[in-house]
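Novice: One-letter residues, chain by chain:
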Amino acid sequence: MKKIEAIIKPFKLDEVKNALQEIGVSGMTVTEVKGFGRQKGHTEIYRGAEYLVDFVPKVKLEVTAAADTVPSVVERILTSARTGKIGDGKIFVFDVEEVVRIRTGERGREAL
Amino acid sequence: MTRFTFGKLPLILCFLAAFLLAGGSAAVGLAEETAPPAVQEVTAPAPEGPTPAEVQKNLDFVWTMVAAFLVFFMQAGFAMVESGFTRAKNAVNIMMKNLMDFSIGSIAFLALGFGIMFGTSPTGWFGTDGFLLSDYAKDADKWLYAFWMFQVVFAATAATIVSGAMAERTKFSAYLLYSAVISALIYPVFGSWAWGSLYHGNGWLEKLGFIDFAGSTVVHSVGGWAALWGAVMLGPRMGRYAKDGKVMAIPGHNIPMAALGVFILWFGWFGFNPGSTTAGNPDIARIAVNTNLAAAAGAVASLLTAWAIFKKPDGAMSLNGVLAGLVAITSPCATVTPMASVYIGAIAGVVVVLSVLFFDRLRIDDPVGAISVHGVCGALGTLLAAVFHEEGFTMARLGVQALGVAAAFVWVSITAGLLFFLLKKTVGLRVSEEEEMDGLDYHEHGNTAYPNFQLVEKR
Numbered sequence: 001m002k003k004i005e006a007i008i009k010p011f012k013l014d015e016v017k018n019a020l021q022e023i024g025v026s027g028m029t030v031t032e033v034k035g036f037g038r039q040k041g042h043t044e045i046y047r048g049a050e051y052l053v054d055f056v057p058k059v060k061l062e063v064t065a066a067a068d069t070v071p072s073v074v075e076r077i078l079t080s081a082r083t084g085k086i087g088d089g090k091i092f093v094f095d096v097e098e099v100v101r102i103r104t105g106e107r108g109r110e111a112l
Numbered sequence: 113m114t115r116f117t118f119g120k121l122p123l124i125l126c127f128l129a130a131f132l133l134a135g136g137s138a139a140v141g142l143a144e145e146t147a148p149p150a151v152q153e154v155t156a157p158a159p160e161g162p163t164p165a166e167v168q169k170n171l172d173f174v175w176t177m178v179a180a181f182l183v184f185f186m187q188a189g190f191a192m193v194e195s196g197f198t199r200a201k202n203a204v205n206i207m208m209k210n211l212m213d214f215s216i217g218s219i220a221f222l223a224l225g226f227g228i229m230f231g232t233s234p235t236g237w238f239g240t241d242g243f244l245l246s247d248y249a250k251d252a253d254k255w256l257y258a259f260w261m262f263q264v265v266f267a268a269t270a271a272t273i274v275s276g277a278m279a280e281r282t283k284f285s286a287y288l289l290y291s292a293v294i295s296a297l298i299y300p301v302f303g304s305w306a307w308g309s310l311y312h313g314n315g316w317l318e319k320l321g322f323i324d325f326a327g328s329t330v331v332h333s334v335g336g337w338a339a340l341w342g343a344v345m346l347g348p349r350m351g352r353y354a355k356d357g358k359v360m361a362i363p364g365h366n367i368p369m370a371a372l373g374v375f376i377l378w379f380g381w382f383g384f385n386p387g388s389t390t391a392g393n394p395d396i397a398r399i400a401v402n403t404n405l406a407a408a409a410g411a412v413a414s415l416l417t418a419w420a421i422f423k424k425p426d427g428a429m430s431l432n433g434v435l436a437g438l439v440a441i442t443s444p445c446a447t448v449t450p451m452a453s454v455y456i457g458a459i460a461g462v463v464v465v466l467s468v469l470f471f472d473r474l475r476i477d478d479p480v481g482a483i484s485v486h487g488v489c490g491a492l493g494t495l496l497a498a499v500f501h502e503e504g505f506t507m508a509r510l511g512v513q514a515l516g517v518a519a520a521f522v523w524v525s526i527t528a529g530l531l532f533f534l535l536k537k538t539v540g541l542r543v544s545e546e547e548e549m550d551g552l553d554y555h556e557h558g559n560t561a562y563p564n565f566q567l568v569e570k571r
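Order-wise, the sequence lines are chains A and B. All residue numbers for the first sequence refer to the working numbering, where the first residue is 1 and numbers rise by one. All residue numbers for the second sequence refer to the working numbering, where the first residue is 113 and numbers rise by one.
Here chain A stands alone, though its shape is the one from the complex (with noise of 0.2 Å):
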């Protein structure tokens, strides 16, 4: 089993869920954060003061994966959340070692 993390620009959020739900992805977690890579924040204007905004908000979506569907689900993302533009964000792959779903006490692939 594979968690994939995927950072992104918030307003690609829907896009991306959508382009999962497709291919059978039944859950995912969301969060709201900030952060900065080469794209290194941007300016606002308040009141005549220009200031630097660099953390930019950003949405981390974490999806856990049999190993096997890890490929399209990246691909997935890849498509749904590109606009081509800097800040279009990361995908990490990592390993993980075991799955319980709460409810039942299931393990591994049964409780994804």
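For the record, the hints were derived by calculation from the structure and aren't laboratory data. Every residue gets a Cβ at the ideal spot worked out from N, C-alpha and C, and that includes glycine. Take every hint as true, because none was put in to throw you off.
One side only, chain A facing chain B, incomplete, derived with CB under 8 Å:
hint, residue
1, Ile45
2, Tyr46
3, Arg47
4, Gly48
5, Ala49
6, Glu50
7, Tyr51
Using the hints, position chain B against chain A.
Specialist: Then chain B, alone, in the frame of chain A:
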């Protein structure tokens, strides 16, 4: 049966008496209709109901009261503007300041302020009687109540202007003491110079012909200059000016809230200016038109100015522009044409943007722009009252206006400067660095304005 007859008897007698009074004889309706009206006027006083003079008096009461209530609502406008333009961690503190300066100010104005401002003034410098509404005898003219109510909301406006300029770093206890002193002394003394004769006083400034119809100087400059000295004595908020001199923005936490506040103030100003007739008469229409046009022109001019300088149509500056236009038209609103009001508002709209930048350059930190809006544009409007006077411009008039503007600056600088200095040396004017970083809400008031949101501040 008998009771019924007796019950009707007085009524019948009344009608009879009315008929007798009406014509000297019990004239029938037809005869009355055909009688020449001139005769009727002489011989027929209205049998009942108020006279035209009484109707006018009632109208004056109602309009003055409605206007007072509109001006009271401006207190909510100030609270919204000030908290919108400052950070979430100080929102409870701003609300408490706006609530308490009106509450403490009302009582201080009752105890001392009103008497100083409108009591009998043998010298022309301050009133000496009428404290605690003691002028009012039983069954006397209730106008005193109407006038007092209208004046107390003006005193509160002057007091609350200061709260914004001193936001996010002032000790709450020091602010409470300040609000008592401005409502009891600083505002009423200057007010007695310009407006004393509206009641029992007679001010030296108004005798010279000083025009300040609704208080560009009396209310707004007085509040604005007090705000200036408060901000100077306090020093800037932490992190406002970088070591290299760069101005660092500290964005307000809720611009829609600030915008709501400006709309409320604009609405309230329709009581502030037209209400200053304290009479229900047709003058209020032109004053309202002038007030509205100056606000609109102020918004447009500040928008264009900000757009030209910052390359963006800055929202916060446009909101300040509305207030700048309103403050500037407050003095001349009854003595200029609508077109002149557009010019006055537009000039104020440009000046307020430049003034905000100017005070930042001086490193005087005014989170909401109160010094520029009320102090600078109040003085500006008072001078423009002479420039755009509908009877033409005279140097003499401009001289009197300038004298009034200078008198307000000197009086407030001495008194408010001394007040804030004494507060600094005694109770302390500013909170500790730790309190300022955590927010005044938590340390001063023991809670937060938005407990269900996590507020992460970088500074």
